[in-house]
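Participant: Next come the chains, spelled out residue by residue.
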Amino acid sequence: MSGLAASPAPAGAAAGCGVPPVLRERGQREVFCGLTGIVWLHRKIQDAFFLVVGSRTCAHLLQSAAGVMIFAEPRFATAIIDERDLAGMADANDELDRVVTRLIERRPDIRMLFLVGSCPSEVIKLDLSRAAQRLSRRFAPRLRVLNYSGSGIETTFTQGEDACLAALVPEMPAEPGAARSLLVVGALAEVVEDQFLRLFAALGVGPVRFLPSRRAGELPAVGEGTQFLLAQPFLGETARRLEARGARRLCAPFPLGAEGTTAWLRAAAEAWGVAPARFDAAVGPGAARAATAVAQRRERLAGRTVFFFPDSQLEIPLARFLTRECGMVPVEIGTPYLHREHLAEELALLPAGVTLSEGQHVERQLDRCRAARPDLTVCGLGLANPLEAEGFTTKWSIELVFTPIQGYEQAGDLAELFARPLVRRARLAV
Amino acid sequence: MELALWTYEGPPHVGAMRVAASMRGVHYVLHAPQGDTYADLLFTMIERRASRPPVTYTTFQARDLGRDTAALFMDAARDACERFRPEAMLVGASCTAELIQDDPGGLARTLGLPVPVVPLELPAYQKKENWGAAETFYRLVRAFAAPRGTREVGPPRANILGPTSLGFRHRDDVTEVEGLLRALGVAVNVVAPLGAAPADLARLCEADFNVVLYPEVAGMAAAYLQRQFGMPQTRTVPIGVGATRDFLAEVASLAGLDAGRVAVSSRLPWYSRSVDSTYLTGKRVFVFGDATHAIAAARVCAEELGFEVVGLGSYSREFARELREAARAHGIEALLTDDYLKVEEAIAALRPELVLGTQMERHVAKRLGIPCAVISAPVHVQDFPARHSPQMGFEGANVLFDTWVHPLMMGLEEHLLGMFREDFEFADGAGPSHLGHGTAAVPPPEPIPAGPAAWAAEAENELRKIPFFVRGKARRNTERFAQERGLRTITLETLYDAKAHFSR
Numbered sequence: 001m002s003g004l005a006a007s008p009a010p011a012g013a014a015a016g017c018g019v020p021p022v023l024r025e026r027g028q029r030e031v032f033c034g035l036t037g038i039v040w041l042h043r044k045i046q047d048a049f050f051l052v053v054g055s056r057t058c059a060h061l062l063q064s065a066a067g068v069m070i071f072a073e074p075r076f077a078t079a080i081i082d083e084r085d086l087a088g089m090a091d092a093n094d095e096l097d098r099v100v101t102r103l104i105e106r107r108p109d110i111r112m113l114f115l116v117g118s119c120p121s122e123v124i125k126l127d128l129s130r131a132a133q134r135l136s137r138r139f140a141p142r143l144r145v146l147n148y149s150g151s152g153i154e155t156t157f158t159q160g161e162d163a164c165l166a167a168l169v170p171e172m173p174a175e176p177g178a179a180r181s182l183l184v185v186g187a188l189a190e191v192v193e194d195q196f197l198r199l200f201a202a203l204g205v206g207p208v209r210f211l212p213s214r215r216a217g218e219l220p221a222v223g224e225g226t227q228f229l230l231a232q233p234f235l236g237e238t239a240r241r242l243e244a245r246g247a248r249r250l251c252a253p254f255p256l257g258a259e260g261t262t263a264w265l266r267a268a269a270e271a272w273g274v275a276p277a278r279f280d281a282a283v284g285p286g287a288a289r290a291a292t293a294v295a296q297r298r299e300r301l302a303g304r305t306v307f308f309f310p311d312s313q314l315e316i317p318l319a320r321f322l323t324r325e326c327g328m329v330p331v332e333i334g335t336p337y338l339h340r341e342h343l344a345e346e347l348a349l350l351p352a353g354v355t356l357s358e359g360q361h362v363e364r365q366l367d368r369c370r371a372a373r374p375d376l377t378v379c380g381l382g383l384a385n386p387l388e389a390e391g392f393t394t395k396w397s398i399e400l401v402f403t404p405i406q407g408y409e410q411a412g413d414l415a416e417l418f419a420r421p422l423v424r425r426a427r428l429a430v
Numbered sequence: 001m002e003l004a005l006w007t008y009e010g011p012p013h014v015g016a017m018r019v020a021a022s023m024r025g026v027h028y029v030l031h032a033p034q035g036d037t038y039a040d041l042l043f044t045m046i047e048r049r050a051s052r053p054p055v056t057y058t059t060f061q062a063r064d065l066g067r068d069t070a071a072l073f074m075d076a077a078r079d080a081c082e083r084f085r086p087e088a089m090l091v092g093a094s095c096t097a098e099l100i101q102d103d104p105g106g107l108a109r110t111l112g113l114p115v116p117v118v119p120l121e122l123p124a125y126q127k128k129e130n131w132g133a134a135e136t137f138y139r140l141v142r143a144f145a146a147p148r149g150t151r152e153v154g155p156p157r158a159n160i161l162g163p164t165s166l167g168f169r170h171r172d173d174v175t176e177v178e179g180l181l182r183a184l185g186v187a188v189n190v191v192a193p194l195g196a197a198p199a200d201l202a203r204l205c206e207a208d209f210n211v212v213l214y215p216e217v218a219g220m221a222a223a224y225l226q227r228q229f230g231m232p233q234t235r236t237v238p239i240g241v242g243a244t245r246d247f248l249a250e251v252a253s254l255a256g257l258d259a260g261r262v263a264v265s266s267r268l269p270w271y272s273r274s275v276d277s278t279y280l281t282g283k284r285v286f287v288f289g290d291a292t293h294a295i296a297a298a299r300v301c302a303e304e305l306g307f308e309v310v311g312l313g314s315y316s317r318e319f320a321r322e323l324r325e326a327a328r329a330h331g332i333e334a335l336l337t338d339d340y341l342k343v344e345e346a347i348a349a350l351r352p353e354l355v356l357g358t359q360m361e362r363h364v365a366k367r368l369g370i371p372c373a374v375i376s377a378p379v380h381v382q383d384f385p386a387r388h389s390p391q392m393g394f395e396g397a398n399v400l401f402d403t404w405v406h407p408l409m410m411g412l413e414e415h416l417l418g419m420f421r422e423d424f425e426f427a428d429g430a431g432p433s434h435l436g437h438g439t440a441a442v443p444p445p446e447p448i449p450a451g452p453a454a455w456a457a458e459a460e461n462e463l464r465k466i467p468f469f470v471r472g473k474a475r476r477n478t479e480r481f482a483q484e485r486g487l488r489t490i491t492l493e494t495l496y497d498a499k500a501h502f503s504r
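Residue numbers (the UniProt record's numbering), protein chains in the order written: chain A, 1 to 430; chain B, 1 to 504.
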C-alpha cells in the first residue's frame, strides 16, 4: 500500500485514558500554513511588523488572504529569495540586512520586527534566529527583532500563532520572586479580554495578564508564581516554553460556550482558592445570559449532524459546545493535530463513539463526508463553495479564528455562526 | 533578496493552475509543501468557482523530507490519475519542491500513466505567474495541436486565445469578442484555454487565424502556431473604441471580409463629447498594470477621454519594448518594475489626479488620497462581478467610461470647492461627496440618550468597542430594554442583558 494510502489505524496505544480511537490519515492536506497567522497577529500587536523570508508563493498567500483590505500602511511584507541568494552569489545575511534597513527607513514607528521563516528558508537552512539577534543588536533599543517559523512543512494555520507567541516567551520580563499572577495565553479579541478581566476581578483572581499584549513593549512578566490558562487549544510550544520558565498550566477545557467558560474560570478560581459561593455569584449572571442566548439558536441546531474538516485545532472544543449546548450530533471531528494533554478535559466531555480524525487525506475525507450527508459541514474556503454547489450546507472555518467567540457574552454569537448558514439555506428561494 | 510589500504576480505554478483550472479534462499534480493549497481559494473564493480546481498537491511536511518525497509524488500522481481520470495530466513543482529537486516530469514518465503527461519546468525564483501561464499553455498546445486536414468550405474561422480562469474580466471579454467576430461573419473555432479540452487543442489548426486577446498568456502559443503551422494572429487588443475599430479592421483583413459591416456602437464617444465631460480635459492620470491593459488604457485616456497621461508603467517585463514605445507616444518615460515601492514613489512624485492601476495601486492611492480605478490584475473579489462587465469591445468601452470617471469629484462639487474652501462639510481633501464616505473629517453627531436611562461610563466605553456599523443598533436596543424595565442607569450588565435578550 502506498504512503498516501496508509490504512486508518486506531491510535489506542498512544492515547491517554478517555481518548476515543483516532483515525489517523496521510495524504493531501487542504490546510493553511502558519504564515496565515500574520493576518490576525498584525492587528493584535499593533506596533509589530511581520517580515516573511520566503518565496513569491509566500507573498502571494499573504496578499490573497489579507489584500482585500486596502492598507495605507501594510504591516507585513515578504523578503523574496531570488536565484542569486540560492546560487550563493549574494550573501543571504547581507541581503536580509539590506531589506530590513530599507523597511525600517520607511516605517520608523515599528517597535518589534518578526522575521518569519517559510518553507524555502527552512529548506535552504537560512539561520533566521542568528539574523534576528544580529539585527536586534544593530537596531537596539529602538527595535526588537525576533524570529519564528510559519512554514507549511512545520506549522498548520493557527500553529503560526503558537510559534509567534513561543518566540515572545523568552522576551517576557522575569516576575520578581514568586509573585503570584494569572496569565491568559492566546490572541483574544479586545472586547473578550476586557470581559475576562472583569470576571477575574469579581472572583478576586489576579493580577491578570495577557499574552500577546496589545503593544510589543508591554509584554507580561512570568515566573515561578505564574499560573496560566490557555485560551486557545493550539498553543503547545508556547505552553512548553512558559513551563520552562517556571509557570504552571491550569488544566481546563477552552472558554467556548457557557459550560467551557465556567469550567475555564473555575480552574483559575480553584487555584486561587475562591469560595464556591463567590464563584457562583460572579459567574452566575454571565452563565445564565449565555444559556439564554444559546437557547434561542438551539432550535435551529438541535438534532442536526455536523462534520468537521481539520483546520485550526479548535474543532474539538467547538464540537463539544455544539454537542452539549446546542444538541448537534457530530459525525466526524477532524483536527490537523491533537494535543492530547491540552485537550484532555475537552475529550472527556465528547459523546462516546464519536469519530475523531487527525491529519488528512482530503479526497477520502470528502468521500466520507458525502456518504454521511451531514446537515452542516465545517471546512476551509477551498472546499466550502464546491461543497455548497453539491448541495451541502457549509460553515467556513476560518471565520472562527477571526471572530470574538470566547466567553459568556459571545456564546450566542458562536451558536449563531453555525445557525446562520442553515437559516440562509432555508430562507433563499432562488 | 527583494523586499515585497505587495507582489504584482504570483509564482509561476499559479499561472499553470490558472490554465489547468480553465480547461476541461486536464489535471495538475503539483509537488508542493503543506499550505500551498491556499491557491485553491483564489478560484473558489475570488472567482467564486463552484468546483475544486483540478489540482492534486503532494503537501509534504518536514517529517517527509527525511524520507522519500519522490515516492510521495508518484503515489499522488497515480492516485490522481485513477480518481479523476483526466484526458491529460500536467506535472510540476512549486518553489519549495524546486529546491528538493525530485524531478516530477521524470518521475511521472516512469509511472507509465495511461494518459499523456505534460511536464512543466517553471523556475519559481526567476519567473512569475503570467510566464507560468504562458509556458503551460504553450506546452499544452505543443503537445496537442495537430496539422490541419482538409476542411470543408464555410465562413472564415478564428480561435480566441488567452482567456483563463482568474483573468481580469476574461469571462465577459470573450462574450464581447465572440459577438464582434459573429457580426463580421467570422466563426469561432476554439476558445482556449478557457473552456477547452485537450481534444479542442488538437483542432486549433482548423481555424484560419488566431485572435490573441491576452498576449501575456497566449503570446508564446500563438507564436508557435504561426511558426509551426503558418497561422497568422491579431496584434491589436480591442480595449477602447479606437482599438476595437482597429481590431475589426485587422480581423477583416485576415479573414478577407469588409470591416464596414460592423458599426461603432459604444456610448463612450457621445458621453465623452457631452459638455458634462468638459471638466475631464487634461486631468492628470497615472496608468499601471499588465502591459496589455496599461497600454490600452493609456490610449483610451488620451484619445477618448481627453486626459493627460503623466505616467505609464507595467510589471510585465516580457513586454518592455511595447511599453516603451507606447510611453514615447505619450511623451513620457515608461516605468518597468515589479517593485511596489518604486510605483508608489513614482505616483507620489507625479501627484496625478487619478490612478488607473491594479489592486496594489489602490493601497498607494489610499495612502496618498488620490482617486483610483482598477484596470488590470492583480485584482480581488470585487473585480469578479456578477454583472456583465467586459473591458473589450464597444460595451467594454461603456464600462471603462463609467468606471474611470466615477472616482473623480463631479463637476459642480469641484467648482464649488474652488470657490468656498472653508465649508464645514464639503472640505478640501474630504473627498468626493457622491462616494458617501468623503465627509469623515466631520464626526457624525452622537445621538443624545433620549430615554430616562443614563449610560454609566463603563457601559458607554463598552459600547464604543462594538463595531461602528452595529453600534447604533446596540445602543437603541439597550435603551429600549432599559426603558421597558424602568431602569435609571444602563450598566455593563444592562448592555449584555439586552444583547442576550434581543439576540435573534
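Just so you know, these hints were derived from the structure itself, not from any lab. Keep in mind it's a predicted model, so treat the numbers as computed, not measured. Honestly, I wouldn't trust all of these hints.
Mimicking EDC-like on lysine to aspartate or glutamate, the simulated pairs with C-alpha atoms at most 20 Å apart in a straight line are [claimed, not checked]: (1) Lys499(B) x Glu193(A); (2) Lys465(B) x Asp94(A); (3) Lys499(B) x Asp82(A); (4) Lys127(B) x Glu83(A); (5) Lys342(B) x Glu190(A); (6) Lys127(B) x Asp338(B); (7) Lys125(A) x Asp94(A); (8) Lys499(B) x Asp94(A); (9) Lys127(B) x Glu299(A); (10) Lys366(B) x Asp339(B); (11) Lys342(B) x Asp82(A).
Participant: Hint by hint, which ones does the structure fall short of?
Facilitator: 2, 3, 5, 8, 9
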